[in-house]
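Trainee: These are the residues of each chain, in order.
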Amino acid sequence: MLESICIERLCKVYRARDGTDVEALREVSFTVGRGEFVSIVGQSGCGKSTLLKILAGLLPKSSGTLFIEGQAVDGPRRDIGIVFQKALLLEWRRVLDNVLLPVEIFRLDRREYEAKALRLLRTAGLAEFLRKYPFELSGGMQQRVALCRALLAEPALLLMDEPFGALDTLTRQKMGFELLRLWEEWKSTVLFVTHDIDEAVMLSDRVLVMSSRPGRIMDSVTVDLPRPRQIFTKDTPEFIRFSSRIRRCLWEEVGND
Amino acid sequence: MTETTLQAARILRITAFYVAALLIWEGLIRSLHVPVWLVPAPSHIFEVIAEKNSIMLFHTLATLQETVLGFALALVVGILFAIGIVHFPMLRDTLYPTLIMFNSFPKIAIAPLFVIWIGVGIESKIANAFLVALFPIVINMIMGLTNMDPELLELVRAMSRSRWVLFWKIRLPHSLPYLFAACKIAVSFAVIGAIVGEFISGRSGLGYLVLSANSTFNTPMAFTALVYLVLMSLALYGGVVLAERLMLPWYHREPAA
Numbered sequence: 006m007l008e009s010i011c012i013e014r015l016c017k018v019y020r021a022r023d024g025t026d027v028e029a030l031r032e033v034s035f036t037v038g039r040g041e042f043v044s045i046v047g048q049s050g051c052g053k054s055t056l057l058k059i060l061a062g063l064l065p066k067s068s069g070t071l072f073i074e075g076q077a078v079d080g081p082r083r084d085i086g087i088v089f090q091k092a093l094l095l096e097w098r099r100v101l102d103n104v105l106l107p108v109e110i111f112r113l114d115r116r117e118y119e120a121k122a123l124r125l126l127r128t129a130g131l132a133e134f135l136r137k138y139p140f141e142l143s144g145g146m147q148q149r150v151a152l153c154r155a156l157l158a159e160p161a162l163l164l165m166d167e168p169f170g171a172l173d174t175l176t177r178q179k180m181g182f183e184l185l186r187l188w189e190e191w192k193s194t195v196l197f198v199t200h201d202i203d204e205a206v207m208l209s210d211r212v213l214v215m216s217s218r219p220g221r222i223m224d225s226v227t228v229d230l231p232r233p234r235q236i237f238t239k240d241t242p243e244f245i246r247f248s249s250r251i252r253r254c255l256w257e258e259v260g261n262d
Numbered sequence: 023m024t025e026t027t028l029q030a031a032r033i034l035r036i037t038a039f040y041v042a043a044l045l046i047w048e049g050l051i052r053s054l055h056v057p058v059w060l061v062p063a064p065s066h067i068f069e070v071i072a073e074k075n076s077i078m079l080f081h082t083l084a085t086l087q088e089t090v091l092g093f094a095l096a097l098v099v100g101i102l103f104a105i106g107i108v109h110f111p112m113l114r115d116t117l118y119p120t121l122i123m124f125n126s127f128p129k130i131a132i133a134p135l136f137v138i139w140i141g142v143g144i145e146s147k148i149a150n151a152f153l154v155a156l157f158p159i160v161i162n163m164i165m166g167l168t169n170m171d172p173e174l175l176e177l178v179r180a181m182s183r184s185r186w187v188l189f190w191k192i193r194l195p196h197s198l199p200y201l202f203a204a205c206k207i208a209v210s211f212a213v214i215g216a217i218v219g220e221f222i223s224g225r226s227g228l229g230y231l232v233l234s235a236n237s238t239f240n241t242p243m244a245f246t247a248l249v250y251l252v253l254m255s256l257a258l259y260g261g262v263v264l265a266e267r268l269m270l271p272w273y274h275r276e277p278a279a
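For the protein sequence lines, the chains are A and B, in the order given.
Under the working numbering, think of the first position of the first sequence as 6, with each following residue one higher.
Under the working numbering, think of the first position of the second sequence as 23, with each following residue one higher.
Any given hint might turn out to be false.
Have a look at the derived ranges for each label pair, beta carbon to beta carbon [said to hold, decoys possible]: (1) B/P111 to A/T70: 32 to 40 Å; (2) B/M269 to A/L123: 37 to 45 Å; (3) B/N169 to A/V18: 25 to 33 Å; (4) B/N169 to A/T174: 26 to 34 Å; (5) A/S143 to B/G260: 31 to 39 Å; (6) A/S67 to B/A94: 38 to 46 Å; (7) A/R186 to B/M269: 32 to 40 Å.
In short, the hints are calculated from the structure, not lab data.
From the three backbone atoms N, C-alpha and C, an ideal C-beta is built for every residue, glycine too.
With these hints in hand, go ahead and build the complete structure from the sequences.
Mentor: Dropping the structure here:
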């Protein structure tokens with residue numbers, strides 16, 4: 006499998022407000038194959054968001070090497086889509102125009118991508134909301150629009166930072182399956198950051214378990230549950246075996262504090 | 023159905039309140055035999071309105087012209103100042119503190135100087151209106167251009183580092199509700215500026231009319247001028263609100279309880 010992300014001995018130290026140095030990431034190394042769905046689980050504050058921001062070119066790394074699609078990361082790039090916990094829609098744009106934002110920023114052909122946007126929005130079940138403003142949508146719908154926006158320019162890599170963290174449990178699970186549907190159709194690589202172990206197991210091909218600060222990769226769990234996954238996958242012994250392995254790993258680490 | 027009934031009941035209540043207030047005013051003046059040079063009865067004011075309407079309109083238009091020109095100038099200059107201050111550190115360190123300093127002092131005190139500098143014509147009134155309307159516009163516009171979710175800025179920064187893109191696609195549209203909030207204040211301030219200018223010098227305008235009526239104890243005329251002033255200010259405010267509704271259909275206020 007070709008590599009979408011290749012990280013070696015990545016370290017991040019930043020200066021806190023009070024002048025002390027904080028070590029956020031220590032010698033993080035992993036690779037993500039092209040088209041793979043990989044989750045990173047860990048406690049809040051463990052550095053998973055920092056890692057994502059370095060990948061997105063928003064934060065400089067302190068040391069180590071970092072390649073996306075074979076290229077060193079050194080600033081904004083078109084082949085990455087990002088979804089944060091907040092939908093961050095532009096409230097003055099209707100749904101369709103929000104999804105088309107990357108077209109304007111990257112100066113792509115609007116007509117071609119409008120068709121793509123419509124197809125994405127239809128897949129996400131938002132066909133009837135194209136002309137709505139963000140304030141007219143529920144939280145889950147807003148997040149689906151954000152997801153469509155991130156996928157529009159056909160990114161090779163989709164970075165997601167607790168994208169469903171602000172939603173209620175039921176909506177959150179539904180959104181997970183919708184993400185999988187879009188992913189199966191769009192076939193981009195996904196790096197999905199969450200603190201929800203079940204969510205990580207349910208969605209991923211592989212789960213990376215991250216220690217609390219400084220963040221290190223403690224375990225890499227390959228989840229070979231059959232796809233397409235369903236809500237009842239959760240009740241199977243295999244699922245429970247994966248999630249308890251991750252839970253134990255995280256708990257043992259907490260116990261060491 | 024109930025919605026419109028409630029609305030009708032509200033309008034009825036408001037109308038009833040004002041009619042009652044006018045009737046009580048009229049009743050008190052008549053029963054207490056208040057001399058007309060002290061406080062005229064509403065009926066008396068209505069008589070003056072009917073008789074002097076064309077003269078009143080002439081003076082109203084004069085004040086309106088000064089106000090609108092001063093306000094428009096403040097709008098253009100205020101927006102340019104704010105954009106400059108947000109984008110150029112040089113201006114942020116020089117112009118911005120100067121504006122803040124000016125703002126904390128009663129700008130109307132400069133009004134007599136304008137007469138020396140630019141004469142007794144319409145220009146000095148425009149200058150007054152401009153000066154008092156400028157500050158709320160600059161201050162709010164700066165807020166609108168900068169006060170946004172830092173993650174939204176990151177989302178855009180991950181796609182492009184162009185300040186032009188950030189300004190046109192994000193900062194400017196984001197600032198519009200702030201700008202309109204400022205305009206509602208600034209337009210009322212501009213009226214004050216114009217009126218004070220007329221107090222100091224001039225041969226026309228509602229401020230001039232109030233002053234000259236006062237000097238001959240023509241209290242009904244002064245009251246009439248105030249009625250036109252109230253109506254003019256309301257119309258200006260209404261104009262801003264209307265423009266806001268038309269230009270910002272996406273701007274969602276919490277519905278009134």
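Trainee: Going through the earlier hints one by one, which of them does the structure break, listed in rising order?
Mentor: 2, 6
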